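There are 2 protein chains.
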Amino acid sequence: MTKTVPKYIEIADWLRQNIQDGTFKTGERLITEHSLCEKFNISRHTARSAIAVLEKEDLVVRRQGDGTYINLDVGAKQKNIGLLLTDSSCYTFPNTISGVEEVLSAKGHRITLALSQNKVEIERNQLLSLQAANIDGLIVEAVKSALASPNLDIYKDFAAQNIPVVFVNTYYPRLDCNYIINDDVEASRIATGHLINQGHQKIGGIFKLDSIQGALRYEGFVNKLYGQNLKLDEHRVLWYSDETLDYLFSNEQFPLLSEALSDCTAVLCYSDRVALKLIEASPKLGLRIPHDLSIASFDDSILSRLATPSITSVTHPGPEMGNLAATSLLKMIEIPSHKMQHAYTPTLTIRDSVRDLS
Amino acid sequence: MTKTVPKYIEIADWLRQNIQDGTFKTGERLITEHSLCEKFNISRHTARSAIAVLEKEDLVVRRQGDGTYINLDVGAKQKNIGLLLTDSSCYTFPNTISGVEEVLSAKGHRITLALSQNKVEIERNQLLSLQAANIDGLIVEAVKSALASPNLDIYKDFAAQNIPVVFVNTYYPRLDCNYIINDDVEASRIATGHLINQGHQKIGGIFKLDSIQGALRYEGFVNKLYGQNLKLDEHRVLWYSDETLDYLFSNEQFPLLSEALSDCTAVLCYSDRVALKLIEASPKLGLRIPHDLSIASFDDSILSRLATPSITSVTHPGPEMGNLAATSLLKMIEIPSHKMQHAYTPTLTIRDSVRDLS
DNA sequence: AATTATTTGTGCGTATGTATC
DNA sequence: AGATACATACGCACAAATAAT
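So the protein sequences, as listed, match chains A and B.
In terms of our numbering, the first sequence has 43 at position 43, counting the first letter as 1, and numbering is strictly consecutive.
In terms of our numbering, the second sequence has 267 at position 267, counting the first letter as 1, and numbering is strictly consecutive.
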């Protein structure tokens, strides 16, 4: 039953153990081939085969006429970390990258970057490509996280290969995984609560339907409304996906948009991007912001700061999130049992897009 | 005198030649070890050593009980491309990345990303790290390109190792290199020309002193002024570097800034970022934009679109630049003699920050 | 389903070459 | 110059995996 392990593999294992234990110190000479033969009573060829294994692993360097030396960088080996993000045009993109990069480059590791364009097919290809690139860990932004993903098998492959994965911003609820996110339900409660505090009662919403963040922000929205004994009028809620955002603000959809908003005094927008689109469309809708319609949104990005009027928006952790993701991932590489599931508690940055009705 | 080449190396060379010639077709079985022994009248051990060389080069795969197969991806091997950018907070950053990524991932290559934070020391470390990462090519944004770089030796190393390098956005003038840039002199002429056309004669400038782009934009600025028989008053020109930008707009430097601008009807700003800072500082300076002071700048970014007033700005190629860089680099990997030095001709996007005095 | 031939993998012994200290 | 250590090379035997019969 016991599968026979080749001698040279056993001896390679023994050598590797001793290198990692520190019995053979880094930079020093390894035991010579001849000594190895005597010690284990093996042929020279077998000894050489064993050392060849370590050489291929970059653990040792052979120098003819001199000896075999243990590579200096044992344990401190440069890791290759995959970073798979959805969308370069998203304003969280540079933040996430710089947060991750800061931690990894400080420790001499490197980043293999890929983009999924928020498409599951591309995500699949990129995951396969990253697998082929021999990454030691992966930081990834889930694609269309609210919908069933066809790529969970690959994520499970990573787990089976003991390659740790950390999700940032979004994650797949059906997958038992590590993630670092904003507390989107709470974020939405905060923003909705602010609108209610300012005297708004007829509040609409524009949410993203394919991202789990959309579902969570909707949850917080509904949650807060009912908590304050307000009713949710579903006619005031609009849903979009990456593919239909422009369509939602197009001329064809204008009546729908107009009708949904005409009944509201305030709207909660899924993101600053959406809020900005709404502000830009407001003249056409005959609505002055915030006089006729107040807007609150998410991400507290440069858009919310520069828009006219500036937009009241819930904060996003920014580079810190990438930071924590990278730190956690490195810990998981060291200690495979390490887990990380973290949600940041956001705050609200109040600007000029909400009118006080009270 | 002739250095004796080991038999197994010779035979490995012979095999490699035949693989690359197509004599042994990809995907097919290589000649068996036994046949190789007979053909060259060598021992099996030597034959195995020869094949081991090719195996290490990933040219062949051995399958016990079956045979040795030539790897399918000879020549079409996944390349590892280094991408070293300066600053993630710069608005060209996502554009450059997505342009590069689009081309490379379409061909199955991968990107090793690093950031230099526009610091030469960090650039050096990252270049060394990229060298260790075995990249097949490098796309890089030069750090402080107007100043003497201590890292040109590494760039020369890359050249010596036949690893092609393409600079984007900026390059080192002292290095004979491939680059893809915006035509900054022309860009500056266009912007300055527009200010002059709108009747401005007292025109100031705020330029970046450590980037070659700063020097080129200054050149275009001066060039156009003198071309239109206007004089350059050096009191109206301010210089900054990444480290001193905030200082320039600080309270301590306020008198300097105020004095330089009080004499102008228009200012040419090095970037939308600077223009925005100036707009934000304008109330403190007692200047209404564009009524008292007109502003033109560079990059045509989201900032210029959203600022109040919106900023007249010279266009930047955007993702196209990264696109061309990646395409060129791949061509250089294929054909080492290939060169690329390209400058985009920009245009001007006119917005609300320039007042017509005529 | 079992056998057989083929092919690569593991292992031993020996000898000589070559680089380094 | 000599000792030492790794590199190359020959020959043999058997194990393990695969494909074809």
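These are computed hints drawn from the structure, not numbers from a lab.
None of these values were measured; they are calculated from a predicted model.
Fair warning: there could be bad hints in the mix.
Note that identical chains are pooled: a pair holds if it fits in a single copy or bridges any two copies.
No farther apart than 25 Å at their CA atoms in a straight line, the calculated lysine-lysine pairs in the PhoX-like style are these [what the hints assert, rightly or not]:
| # | residue 1 | residue 2 |
| --- | --- | --- |
| 1 | LYS107 | LYS119 |
| 2 | LYS119 | LYS277 |
| 3 | LYS56 | LYS77 |
| 4 | LYS231 | LYS107 |
| 5 | LYS119 | LYS79 |
| 6 | LYS56 | LYS79 |
| 7 | LYS331 | LYS156 |
| 8 | LYS107 | LYS284 |
| 9 | LYS56 | LYS339 |
| 10 | LYS56 | LYS7 |
| 11 | LYS39 | LYS156 |
| 12 | LYS119 | LYS202 |
| 13 | LYS7 | LYS156 |
| 14 | LYS107 | LYS339 |
| 15 | LYS339 | LYS119 |
| 16 | LYS77 | LYS277 |
| 17 | LYS119 | LYS331 |
| 18 | LYS77 | LYS202 |
Comparing the hints with the structure gives:
1. In the homo-oligomer, the alpha carbons of LYS107 and LYS119 lie at most 25 Å apart only across protomers (17 Å), although the nearest pairing inside one protomer, at 32 Å, exceeds that limit.
2. With identical chains, the CA atoms of LYS119 and LYS277 are at most 25 Å apart within one copy only, with a shortest distance of 23 Å there and 37 Å across copies.
3. In the homo-oligomer, the alpha carbons of LYS56 and LYS77 lie at most 25 Å apart both inside one protomer (14 Å) and across protomers (20 Å), since each shortest distance falls under that limit.
4. For the homomeric pair LYS231 and LYS107, neither the shortest alpha-carbon distance inside one copy (52 Å) nor that between copies (52 Å) is at most 25 Å.
5. Taking the shortest alpha-carbon separations for LYS119 and LYS79, only the inter-copy value of 23 Å comes in at or below 25 Å, while the best intra-copy value is 27 Å.
6. In this assembly of identical chains, LYS56 and LYS79 lie within 25 Å of each other by CA distance both inside one copy and across copies; the values are 17 Å within and 21 Å between.
7. Taking the shortest alpha-carbon separations for LYS331 and LYS156, only the intra-copy value of 20 Å comes in at or below 25 Å, while the best inter-copy value is 37 Å.
8. Proximity of LYS107 to LYS284 under the C-alpha cut-off of 25 Å is found in neither arrangement, the shortest distances being 53 Å within a copy and 44 Å between copies.
9. When the C-alpha separation of LYS56 and LYS339 is checked against a cutoff of 25 Å, the pair qualifies neither within a copy, at 32 Å, nor between copies, at 36 Å.
10. Within a single copy, LYS56 and LYS7 get their C-alpha atoms as close as 17 Å, and across copies as close as 22 Å, so both meet the 25 Å cut-off.
11. Within a single copy, LYS39 and LYS156 get their C-alpha atoms no closer than 43 Å, and across copies no closer than 48 Å, so neither meets the 25 Å cut-off.
12. Taking the closest pair of Cα atoms, LYS119 and LYS202 never come within 25 Å of each other, the shortest separation being 35 Å inside a single copy and 52 Å across copies.
13. When the C-alpha separation of LYS7 and LYS156 is checked against a cutoff of 25 Å, the pair qualifies neither within a copy, at 33 Å, nor between copies, at 46 Å.
14. For the homomeric pair LYS107 and LYS339, the shortest alpha-carbon distance inside one copy (21 Å) is at most 25 Å, but the shortest distance between copies (35 Å) is not.
15. Taking identical chains as interchangeable, the C-alpha atoms of LYS339 and LYS119 are never at most 25 Å apart, the minima being 27 Å within one chain and 35 Å between chains.
16. For the identical chains of this complex, LYS77 and LYS277 are neighbours neither inside a copy (47 Å) nor across copies (43 Å), given an alpha-carbon limit of 25 Å.
17. Proximity of LYS119 to LYS331 under the C-alpha cut-off of 25 Å is found in neither arrangement, the shortest distances being 30 Å within a copy and 28 Å between copies.
18. In the homo-oligomer, the alpha carbons of LYS77 and LYS202 never lie at most 25 Å apart, since the shortest distance is 58 Å inside one protomer and 59 Å across protomers.
Of the numbered hints stated above, those contradicted by the structure are hints 4, 8, 9, 11, 12, 13, 15, 16, 17, 18, listed in ascending order.
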